[in-house]
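Engineer: Sequence:
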Amino acid sequence: MRFSRALLPTLKEAPTDAHNVSTALLLRAGYVRRVGAGIYEYLPLGLKVLRRVESIVREEMDRAGALEILMPAILPKELFEETGRWERFGDTLFRMKDRKGGDYHLGPTHEEVVTDIARREIRSYRDLPKNLYQVQAKYRDEPRARGGLLRCREFVMKDAYSFDADETGARESYETMRVAYRRIFDRMGLNYRMVQADSGAMGGSTSAEFQVLADSGEDAIVACTSCEYAANVEVAETREAARAEGGSGKREKVLTPKVGSIEDVAKFLKLPKERFLKSIVVRGAEGPVLVVVRGDHEINEIAVAKLVGTQECELASEDEVKKATGAAVGFAGPVGFAGKILVDFDAAAVVDGVTGANETDHHLVGVTFGKDFEGQVVRVRKVGVGDACPKCSGTLAEYKGIEAGHIFILGTHYSAKMNASFLDRDGVQKTLVMGCYGIGVSRLVAATIEQHNDASGIVWPFSLAPYHVHLCTLGVDEAVMQAAQKLHDDLQAAGIEVLWDDRDERPGVKFKDADLVGCPLRVTLGGKSWAEGVAEVKARTEADPKKAEKVPVASLLDEILAWAKKQRAAH
RNA sequence: CGGGGCGUAGCGCAGCCUGGUAGCGCACCUGGUUCGGGACCAGGGGGCCGGAGGUUCGAAUCCUCUCGCCCCGACCA
Numbered sequence: 359m360r361f362s363r364a365l366l367p368t369l370k371e372a373p374t375d376a377h378n379v380s381t382a383l384l385l386r387a388g389y390v391r392r393v394g395a396g397i398y399e400y401l402p403l404g405l406k407v408l409r410r411v412e413s414i415v416r417e418e419m420d421r422a423g424a425l426e427i428l429m430p431a432i433l434p435k436e437l438f439e440e441t442g443r444w445e446r447f448g449d450t451l452f453r454m455k456d457r458k459g460g461d462y463h464l465g466p467t468h469e470e471v472v473t474d475i476a477r478r479e480i481r482s483y484r485d486l487p488k489n490l491y492q493v494q495a496k497y498r499d500e501p502r503a504r505g506g507l508l509r510c511r512e513f514v515m516k517d518a519y520s521f522d523a524d525e526t527g528a529r530e531s532y533e534t535m536r537v538a539y540r541r542i543f544d545r546m547g548l549n550y551r552m553v554q555a556d557s558g559a560m561g562g563s564t565s566a567e568f569q570v571l572a573d574s575g576e577d578a579i580v581a582c583t584s585c586e587y588a589a590n591v592e593v594a595e596t597r598e599a600a601r602a603e604g605g606s607g608k609r610e611k612v613l614t615p616k617v618g619s620i621e622d623v624a625k626f627l628k629l630p631k632e633r634f635l636k637s638i639v640v641r642g643a644e645g646p647v648l649v650v651v652r653g654d655h656e657i658n659e660i661a662v663a664k665l666v667g668t669q670e671c672e673l674a675s676e677d678e679v680k681k682a683t684g685a686a687v688g689f690a691g692p693v694g695f696a697g698k699i700l701v702d703f704d705a706a707a708v709v710d711g712v713t714g715a716n717e718t719d720h721h722l723v724g725v726t727f728g729k730d731f732e733g734q735v736v737r738v739r740k741v742g743v744g745d746a747c748p749k750c751s752g753t754l755a756e757y758k759g760i761e762a763g764h765i766f767i768l769g770t771h772y773s774a775k776m777n778a779s780f781l782d783r784d785g786v787q788k789t790l791v792m793g794c795y796g797i798g799v800s801r802l803v804a805a806t807i808e809q810h811n812d813a814s815g816i817v818w819p820f821s822l823a824p825y826h827v828h829l830c831t832l833g834v835d836e837a838v839m840q841a842a843q844k845l846h847d848d849l850q851a852a853g854i855e856v857l858w859d860d861r862d863e864r865p866g867v868k869f870k871d872a873d874l875v876g877c878p879l880r881v882t883l884g885g886k887s888w889a890e891g892v893a894e895v896k897a898r899t900e901a902d903p904k905k906a907e908k909v910p911v912a913s914l915l916d917e918i919l920a921w922a923k924k925q926r927a928a929h
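In my numbering, the protein residues as written are 359 to 929.
Don't read these hints as lab results, they were simulated from the structure. Since the model is a prediction, treat every value here as computed from it, not as a measurement. For glycine and all other residues, C-beta sits at the position ideal for the given N, C-alpha and C. Any given hint might turn out to be false.
With a straight-line cut-off of 27 angstroms between C-alpha atoms, the simulated DSS-like cross-links for lysine-lysine are [to be verified]: (1) 905 / 870; (2) 870 / 844; (3) 664 / 758; (4) 406 / 435; (5) 775 / 488; (6) 455 / 904; (7) 698 / 680; (8) 611 / 664; (9) 729 / 611; (10) 775 / 749; (11) 758 / 698; (12) 664 / 681; (13) 616 / 664; (14) 908 / 870; (15) 775 / 844; (16) 775 / 758; (17) 924 / 406; (18) 844 / 908; (19) 923 / 908; (20) 698 / 611; (21) 406 / 455; (22) 370 / 729; (23) 729 / 749; (24) 698 / 729; (25) 698 / 775; (26) 628 / 698; (27) 886 / 844; (28) 608 / 698; (29) 625 / 729; (30) 924 / 905; (31) 924 / 908; (32) 488 / 435; (33) 870 / 886; (34) 886 / 905; (35) 406 / 870; (36) 908 / 886; (37) 870 / 904.
Cβ pair distances, simulated, as ranges [to be verified]: (38) 432 / 544: 33 to 39 angstroms; (39) 391 / 435: 19 to 25 angstroms; (40) 375 / 886: 40 to 46 angstroms.
Based on the provided sequences and hints, a complete structural model is requested.
Structural biologist: Shown next as structure tokens:
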């Protein structure tokens with residue numbers, strides 16, 4: 359492609375509303391343009407990258423035996439009504455009416471639609487298993503679409519749905535997808551982690567997120583530095599601590615006037631925070647629950663919500679605390695607490711701890727689990743950097759991630775509600791067991807840039823680059839132009855895509871644009887080196903502008919082909 | 001939805017407080033000089049100042065309403 363004929367409007371300055379690296383670079387380098395909040399146009403280069411992601415995804419889904427279909431984006435409300443999501447999705451659903459007043463919406467995800475296909479078309483165990491997928495625009499009226507392409511109201515997603523005869527089959531389908539996803543993310547050259555995740559309110563049992571590591575990510579994850587273990591902090595585990603034994607000291611009540619917070623009490627009593635039993639009253643489905651963690655730990659709200667049977671973890675109000683403990687906020691403790699008590703493993707390991715006395719301005723010292731109080735010992739604290747890996751002897755580190763894929767087993771959550779069943783070998787009617795597997799295709803375009811960029815622009819991995827080679831000709835010398843044309847044609851014929859900057863621009867302009875656009879290899883033809891019979895070749899990953907390699911024009915084609923072959927092999 | 005901010009040329013901004021014929025830089029067009037990391041000179045085109053209503057002789061500027069966008073928070077199968 360000749361630059362002079364392309365639609366490649368690069369900008370020196372990015373629009374001010376681009377607040378993350380990927381959006382700013384996509385706008386500056388002429389890949390996308392914003393149309394509305396969370397709504398973008400893909401210009402030619404943007405579309406090319408999107409297609410690269412799509413085709414890797416398609417190849418691996420097909421390889422894994424999945425079947426591509428295309429479902430409608432406009433859906434009548436009846437399907438979502440069957441599962442209650444017409445209501446449950448609330449304002450996130452883009453709703454509309456047709457001319458007759460009928461209710462419709464744009465599809466935010468397609469479990470109902472695909473389950474509808476399955477219940478009509480799958481009747482026998484002989485039809486199983488099946489995995490159906492599509493690559494399609496999804497619509498969600500996010501309360502706040504932020505982060506440019508990372509979080510859009512219209513976005514491209516690959517969603518796949520597996521149907522199996524039983525749980526064992528579903529597990530196999532899930533495994534197949536796990537392997538396919540690994541291949542997909544590996545091929546895209548991304549630094550990512552497959553992490554254990556909260557399977558959400560939609561009734562999943564097993565699930566894993568594919569998190570692209572980037573400091574700008576919204577998700578916090580922990581990963582072991584020496585083994586494969588990785589988890590979203592929402593569900594992260596750490597090794598269980600040994601239970602406390604005995605406790606030497608006697609339990610004693612001490613006066614701690616007006617010092618409710620751990621920080622203050624620790625200072626007041628001159629004891630380390632690790633000796634404290636932080637006690638927090640939360641609203642449970644069946645009344646107040648006391649959550650006890652070690653003084654230097656934070657409670658994990660998602661874990662707590664699950665354990666106390668509520669949607670969200672809600673702290674008790676001052677009045678509720680008073681009622682439950684008989685003391686002001688800051689003086690709650692497990693000793694003598696009447697309701698349910700959840701004790702974190704590490705809190706249960708504290709010997710002779712300090713905790714609220716359930717009496718305003720008083721704390722208890724010498725408190726030990728088992729001796730002074732009981733409770734359900736579980737993991738209810740946030741796990742973070744430096745904690746012990748639950749799977750090996752290593753320690754955990756923290757990362758920020760961008761969720762780019764999520765796979766999980768759904769079970770019969772949708773199929774049961776929608777009556778999607780089949781006849782098994784014995785003629786017995788059974789409910790289909792489902793799994794679902796998403797990849798944020800358009801999000802991946804942005805996520806890749808979040809991870810692969812430098813001060814000058816985008817640094818595409820070979821497999822996702824819009825063009826493999828960015829050919830810059832300097833000057834308008836006829837011999838140079840002819841050599842460039844030939845190189846362009848030969849490379850294209852060999853399957854290497856070339857963006858040829860044939861504009862009558864100064865070298866600086868061309869180099870700046872080449873860096874911004876981010877193609878993996880830059881080849882410079884013409885100018886000073888032309889007289890020496892050489893071209894200059896520089897990988898985009900090489901930051902030093904002086905470090906271009908001189909290659910004789912005669913062997914240029916072979917050199918580039920060899921480079922491309924090596925790149926292909928790596929992805 | 002709560003709090004804050006911004007809408008002026010394709011992009012980045014000034015002008016608004018204190019009303020009086022709309023400006024700068026980049027980009028774009030013409031000509032010339034340049035030519036290895038976003039050149040220079042000269043000339044030029046491009047705006048219903050987000051929209052509606054009001055005040056006024058006169059509104060980008062003041063008032064009211066409205067729409068859009070951004071940030072923080074809530075939210076995110």
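Engineer: The structure should be examined with respect to each hint, and the outcome stated for every one.
Structural biologist: Structure-based check of all given hints:
no., hint, in the structure
1, 905 / 870, "holds (16 angstroms)"
2, 870 / 844, "holds (24 angstroms)"
3, 664 / 758, "holds (24 angstroms)"
4, 406 / 435, "violated (34 angstroms)"
5, 775 / 488, "holds (19 angstroms)"
6, 455 / 904, "violated (61 angstroms)"
7, 698 / 680, "holds (16 angstroms)"
8, 611 / 664, "violated (34 angstroms)"
9, 729 / 611, "holds (16 angstroms)"
10, 775 / 749, "violated (37 angstroms)"
11, 758 / 698, "violated (35 angstroms)"
12, 664 / 681, "holds (24 angstroms)"
13, 616 / 664, "violated (33 angstroms)"
14, 908 / 870, "holds (20 angstroms)"
15, 775 / 844, "violated (62 angstroms)"
16, 775 / 758, "violated (37 angstroms)"
17, 924 / 406, "holds (22 angstroms)"
18, 844 / 908, "holds (19 angstroms)"
19, 923 / 908, "holds (20 angstroms)"
20, 698 / 611, "holds (23 angstroms)"
21, 406 / 455, "violated (34 angstroms)"
22, 370 / 729, "violated (69 angstroms)"
23, 729 / 749, "violated (30 angstroms)"
24, 698 / 729, "holds (17 angstroms)"
25, 698 / 775, "violated (34 angstroms)"
26, 628 / 698, "violated (30 angstroms)"
27, 886 / 844, "holds (20 angstroms)"
28, 608 / 698, "holds (25 angstroms)"
29, 625 / 729, "holds (26 angstroms)"
30, 924 / 905, "holds (20 angstroms)"
31, 924 / 908, "holds (19 angstroms)"
32, 488 / 435, "holds (26 angstroms)"
33, 870 / 886, "holds (18 angstroms)"
34, 886 / 905, "holds (15 angstroms)"
35, 406 / 870, "holds (21 angstroms)"
36, 908 / 886, "holds (12 angstroms)"
37, 870 / 904, "holds (14 angstroms)"
38, 432 / 544: 33 to 39 angstroms, "holds (36 angstroms)"
39, 391 / 435: 19 to 25 angstroms, "violated (33 angstroms)"
40, 375 / 886: 40 to 46 angstroms, "holds (41 angstroms)"
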